[in-house]
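S.K.: Those sequence lines, one after another, are chains A and B. Every letter in the first sequence is one number past the one before it in full-length UniProt numbering, and letter 40, counting from 1, is 40. Every letter in the second sequence is one number past the one before it in full-length UniProt numbering, and letter 235, counting from 1, is 235.
Hints are not guaranteed to be accurate.
Once the Cα atoms are required to be at most 20 Å apart in a straight line, the calculated SDA-like pairs of lysine to any residue come out as [stated by the list, open to error]:
| no. | chain 1 | residue 1 | chain 2 | residue 2 |
| --- | --- | --- | --- | --- |
| 1 | A | Lys89 | B | Thr33 |
| 2 | A | Lys259 | B | Leu198 |
| 3 | B | Lys186 | A | Glu239 |
Calculated from the structure, these hints are not laboratory results. Note that the structure is a prediction, hence the values are computed from the model and not measured.
The primary structure of each chain is shown beneath.
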Amino acid sequence: MQQSFVYFSILLCIFEIFKFKMPGTILENLSGRKLSVLVTVLLLSQLACFLVGLISPSPAGIQTILATVCVDPEPEVRDKWFSRNCPKKVDLRYDNALEGISPNNLVFVVEMPNFQQDFSRWQQNLAGVLQIELVYRSGQKLLNPMIELTLDARLAYSNKVKNGGKTPWTHYTNAITERYMDCIFNDTAIENKEGYPYDCSMVPLFELGSLYHDYYLLNLRLPYDSQKELNTHLLKVEEIFLHMIHMNGGFTKVWISLKSIFFPIIVTIMIWFWNRVHLLSRTPALLEYMLIVLGGTLAFLDLPIEYLTLHFDMPYMLLLSDIRQGIFYATLLSFWLVFTGEHMLIQETGERNSLRKYWKHLSSIAVGCVSLLIFDLCERGMHLVNPFSSIWVTPLGTNLALTFVICAGLCAGIYFLFLCYMIWRVFKNISIKRSVLPSMTQARRLHYEGTMYRFTFLMGATVVCAGITIVSFILNQYTQGEHNLDDSMDIELTSIIHTGVYGMWNVYICALLMLYAPSHKQWPSEPTCSEGEEVEFSRLSSEPSTTPNEISSLTSFVAKANIE
Amino acid sequence: MKAAGEVYPGQFTKNLLQVDIELDPNVIDSIKTGTILAFEHCRNVFRWERWNCPTEDFERHKQQRANKELAFTQAITAAGIVHAVTKNCSRGEISDCGCNSNFGGTTNSQKVDPPSSSKQIELNTNVKDKTVKWSWGGCSDDSTYGLRLVRDLLENSKENATVLSYIEKHNYRLGKQIVQQAMIKKCRCHGVSGSCSLQTCWMQLPPFHIISKKLKEKYRKARRLISENIEATIALGNSVKREDRTSNFLAPEDSLVFLEQSLDYCLPDQTQNWPGTKGRFCSRTKSNRTTASEKRSCRNLCRQCGYKVRREKMVVRKRCNCVFQWCCSVKCEMCSEIVEELYCD
Numbered sequence: 001m002q003q004s005f006v007y008f009s010i011l012l013c014i015f016e017i018f019k020f021k022m023p024g025t026i027l028e029n030l031s032g033r034k035l036s037v038l039v040t041v042l043l044l045s046q047l048a049c050f051l052v053g054l055i056s057p058s059p060a061g062i063q064t065i066l067a068t069v070c071v072d073p074e075p076e077v078r079d080k081w082f083s084r085n086c087p088k089k090v091d092l093r094y095d096n097a098l099e100g101i102s103p104n105n106l107v108f109v110v111e112m113p114n115f116q117q118d119f120s121r122w123q124q125n126l127a128g129v130l131q132i133e134l135v136y137r138s139g140q141k142l143l144n145p146m147i148e149l150t151l152d153a154r155l156a157y158s159n160k161v162k163n164g165g166k167t168p169w170t171h172y173t174n175a176i177t178e179r180y181m182d183c184i185f186n187d188t189a190i191e192n193k194e195g196y197p198y199d200c201s202m203v204p205l206f207e208l209g210s211l212y213h214d215y216y217l218l219n220l221r222l223p224y225d226s227q228k229e230l231n232t233h234l235l236k237v238e239e240i241f242l243h244m245i246h247m248n249g250g251f252t253k254v255w256i257s258l259k260s261i262f263f264p265i266i267v268t269i270m271i272w273f274w275n276r277v278h279l280l281s282r283t284p285a286l287l288e289y290m291l292i293v294l295g296g297t298l299a300f301l302d303l304p305i306e307y308l309t310l311h312f313d314m315p316y317m318l319l320l321s322d323i324r325q326g327i328f329y330a331t332l333l334s335f336w337l338v339f340t341g342e343h344m345l346i347q348e349t350g351e352r353n354s355l356r357k358y359w360k361h362l363s364s365i366a367v368g369c370v371s372l373l374i375f376d377l378c379e380r381g382m383h384l385v386n387p388f389s390s391i392w393v394t395p396l397g398t399n400l401a402l403t404f405v406i407c408a409g410l411c412a413g414i415y416f417l418f419l420c421y422m423i424w425r426v427f428k429n430i431s432i433k434r435s436v437l438p439s440m441t442q443a444r445r446l447h448y449e450g451t452m453y454r455f456t457f458l459m460g461a462t463v464v465c466a467g468i469t470i471v472s473f474i475l476n477q478y479t480q481g482e483h484n485l486d487d488s489m490d491i492e493l494t495s496i497i498h499t500g501v502y503g504m505w506n507v508y509i510c511a512l513l514m515l516y517a518p519s520h521k522q523w524p525s526e527p528t529c530s531e532g533e534e535v536e537f538s539r540l541s542s543e544p545s546t547t548p549n550e551i552s553s554l555t556s557f558v559a560k561a562n563i564e
Numbered sequence: 001m002k003a004a005g006e007v008y009p010g011q012f013t014k015n016l017l018q019v020d021i022e023l024d025p026n027v028i029d030s031i032k033t034g035t036i037l038a039f040e041h042c043r044n045v046f047r048w049e050r051w052n053c054p055t056e057d058f059e060r061h062k063q064q065r066a067n068k069e070l071a072f073t074q075a076i077t078a079a080g081i082v083h084a085v086t087k088n089c090s091r092g093e094i095s096d097c098g099c100n101s102n103f104g105g106t107t108n109s110q111k112v113d114p115p116s117s118s119k120q121i122e123l124n125t126n127v128k129d130k131t132v133k134w135s136w137g138g139c140s141d142d143s144t145y146g147l148r149l150v151r152d153l154l155e156n157s158k159e160n161a162t163v164l165s166y167i168e169k170h171n172y173r174l175g176k177q178i179v180q181q182a183m184i185k186k187c188r189c190h191g192v193s194g195s196c197s198l199q200t201c202w203m204q205l206p207p208f209h210i211i212s213k214k215l216k217e218k219y220r221k222a223r224r225l226i227s228e229n230i231e232a233t234i235a236l237g238n239s240v241k242r243e244d245r246t247s248n249f250l251a252p253e254d255s256l257v258f259l260e261q262s263l264d265y266c267l268p269d270q271t272q273n274w275p276g277t278k279g280r281f282c283s284r285t286k287s288n289r290t291t292a293s294e295k296r297s298c299r300n301l302c303r304q305c306g307y308k309v310r311r312e313k314m315v316v317r318k319r320c321n322c323v324f325q326w327c328c329s330v331k332c333e334m335c336s337e338i339v340e341e342l343y344c345d
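Work the whole structure out from these sequences, hints included.
M.R.: Following this line, the structure appears as structure tokens:
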């Protein structure tokens with residue numbers, strides 16, 4: 001028993017060197033004082049990110065516009081635009097005004113934005129949601145209908161001219177699309193129901209990925225055709241509102257500034273990290289590859305290409321930013337998995353440092369991300385072609401979209417089960433190892449302690465970051481849209497949360513890159529490995545890559561010893 | 001919704017706006033619309049009550065008594081104005097809405113606004129500042145303008161501090177507050193891939209019948225105040241800021257207040273121009289949709305007032321089985337129905 005334990009210790013000492021091609025990281029070798037200074041700096045920059053949110057307005061703004069109803073005497077002639085001051089307007093509330101008018105004559109006109117404003121390119125993108133006010137008319141059956149709408153929507157744009165005034169409306173896009181609207185009449189106890197509104201669900205209409213022009217104009221028609229069954233179930237429409245959601249310029253400015261600050265920092269840290277890895281006379285370890293890739297995706301996310309939208313029309317920005325975020329999250333999730341796997345403290349096979357080992361685990365991320373990507377391409381990708389399209393409107397599209405989303409959700413579930421299982425195993429191994437720590441030689445103890453410290457440090461930091469993210473977004477859902485008449489206190493919790501959380505992940509990754517970079521300090525194991533070990537150690541460490549068979553035999557021995 | 005032959009309170013608006021602020025004609029129009037809206041809904045809610053919102057009560061005249069009904073009228077008018085102004089804001093008719101609280105454009109309006117640093121800045125904005133503000137942080141909700149208008153026009157008007165104006169302002173504020181409380185929150189997610197990582201919410205005006213219903217509830221629970229107490233408070237309050245006075249314990253924050261007991265409204269009253277309930281219709285309709293006030297209407301309107309309930313069988317031709325065809329045609333059948341009309345005699 002004593003004999004085998006000695007062997008076991010010798011072998012473990014050797015095995016450590018192969019297993020962790022990242023022998024010592026800065027984190028382990030940093031003195032407590034330096035570490036506390038670094039952590040303080042990181043926390044301060046984190047605090048700064050939250051504070052930046054204070055000056056920012058809420059991320060997105062909304063304007064509700066009531067459509068002006070114009071009468072088009074010649075609906076057949078299509079290439080003309082109705083603006084708010086069209087020659088003949090009509091009020092749908094008064095029946096007698098509607099005599100002799102057919103549905104095809106009616107044009108709902110929405111000029112965006114309202115109140116003689118114009119869009120700024122800082123406002124980035126625009127989404128339009130329709131709210132159609134249906135009213136009850138006496139004699140009608142009280143139903144809670146689901147109404148199929150056919151919308152003939154056309155968008156035009158116009159720009160400011162330098163000496164005041166606007167350019168004429170120019171066609172931007174048009175489409176005939178279908179939407180569904182659920183309506184309920186939930187107040188049956190009113191004496192006189194005539195003219196009372198139904199409570200109808202909102203209808204998403206369009207999404208523009210870029211806000212390049214100064215003014216937009218929506219001309220919306222609800223064509224009626226009894227043969228093609230277009231809008232045959234539509235009840236009395238009294239008013240149509242368009243809720244127009246845009247990003248706030250102030251928020252975009254703050255956001256881009258954050259990105260512009262983080263981008264050079266992260267790139268510098270990456271270069272420093274890679275130099276450091278290359279200073280070592282060995283090939284980089286898997287974790288080091290993962291770290292640099294993670295840094296790279298963050299740098300890609302931080303790259304402030306939004307500046308370009310100020311000069312170029314880039315309708316694909318929404319899609320691009322989705323993809324950028326997707327890549328980053330996928331890499332982050334993969335990193336956690338690989339990190340946990342590499343700290344398992346048990347060498348299962350002789351195979352080292354390869355992503356192939358993790359293919360089972362990583363495939364859940366891959367499948368999830370690909371299905372989300374397909375979904376995103378179907379929804380936001382399609383918006384590039386037709387801003388009025390939506391995958392959710394047709395039953396087939398809804399099923400497809402749900403399939404992709406559910407698939408992604410399942411993958412996320414599987415991933416987290418995997419991750420939790422692996423983390424549980426690591427902690428189990430750590431507690432086993434911790435009990436035998438005092439009996440180990442100093443070298444091995446240092447390795448193990450280092451590994452455990454590294455792992456628990458990252459776990460701690462990750463759990464804190466993920467926790468803060470989840471809590472803040474839940475908090476955000478609850479505090480959204482609180483109405484405030486006297487808006488003298490203009491603190492926007494939403495933007496604080498967004499800048500804060502974004503800053504947090506940046507700080508997190510910077511910290512990872514800095515703390516998990518290989519250390520230059522010599523770990524004290526070489527001189528302190530006890531005599532018998534030293535011989536073995538020096539022999540093997542000088543030519544590690546040439547003895548794969550030996551390693552596998554050694555590790556199998558380790559496994560045996562472990563059981564003992 | 002406008003029924004022909006109905007007399008609308010036009011005078012009210014004129015009297016209401018005895019404030020020396022030059023208003024945008026569109027704002028004045030909205031105020032009129034709001035008053036009409038309030039009136040129509042008042043009619044509807046009080047259809048089976050003894051007092052049924054006569055047009056005269058919506059006109060402000062000197063001999064009005066500060067009773068429960070007046071309190072309701074004031075509150076619902078304020079609510080109607082907020083509602084109508086907000087709607088016209090979204091229509092784009094009132095140009096100062098949304099990004100600016102400056103509705104007067106004259107020096108008067110600046111005085112009306114209670115001084116606060118952010119407001120002062122807002123008031124001094126010119127078009128350029130407005131554009132900067134809009135592109136930086138978007139515009140505030142449309143309702144903000146309507147709420148401020150009511151606050152500054154009705155609540156903070158510079159009329160001499162009498163007991164009556166105290167009561168009046170309180171009720172206006174309550175009407176406004178009811179609208180604010182009844183706002184419906186709507187949200188839309190537009191984060192990554194349309195997820196709710198980024199969500200934008202806004203407050204939407206509720207249909208007005210929700211507001212009138214809530215106000216009727218307040219009418220039932222209205223509090224009577226004692227005139228002398230208020231006088232004393234006002235005398236004290238002259239040295240105190242205006243805002244503090246409204247938060248006085250005398251007028252409970254969330255109830256309508258009045259001074260005088262109402263008439264019983266059974267008999268005609270010449271001074272109040274009240275015709276009495278004789279000749280009014282009542283209803284004995286029983287279904288699960290019938291409101292409590294309709295159920296007890298015959299007792300309330302007729303028998304308790306000493307009148308008898310008379311029946312009259314009538315053949316009523318009604319529109320029925322209507323088929324609506326978007327947008328502008330309605331095909332209805334005409335059904336004849338024998339209806340038993342009940343009225344007080």
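S.K.: Please go over all the hints and tell whether each is borne out by the structure.
M.R.: Hints, one by one, checked against the model:
As the CA atoms of A:Lys89 and B:Thr33 are separated by approximately 18 Å, the hinted pair is consistent with the 20 Å bound. For the suggested pair A:Lys259 and B:Leu198, the alpha carbons sit about 18 Å apart, so the restraint of at most 20 Å is met. Taking the CA atoms of B:Lys186 and A:Glu239, the gap is about 18 Å. The hint holds against a cut of 20 Å.
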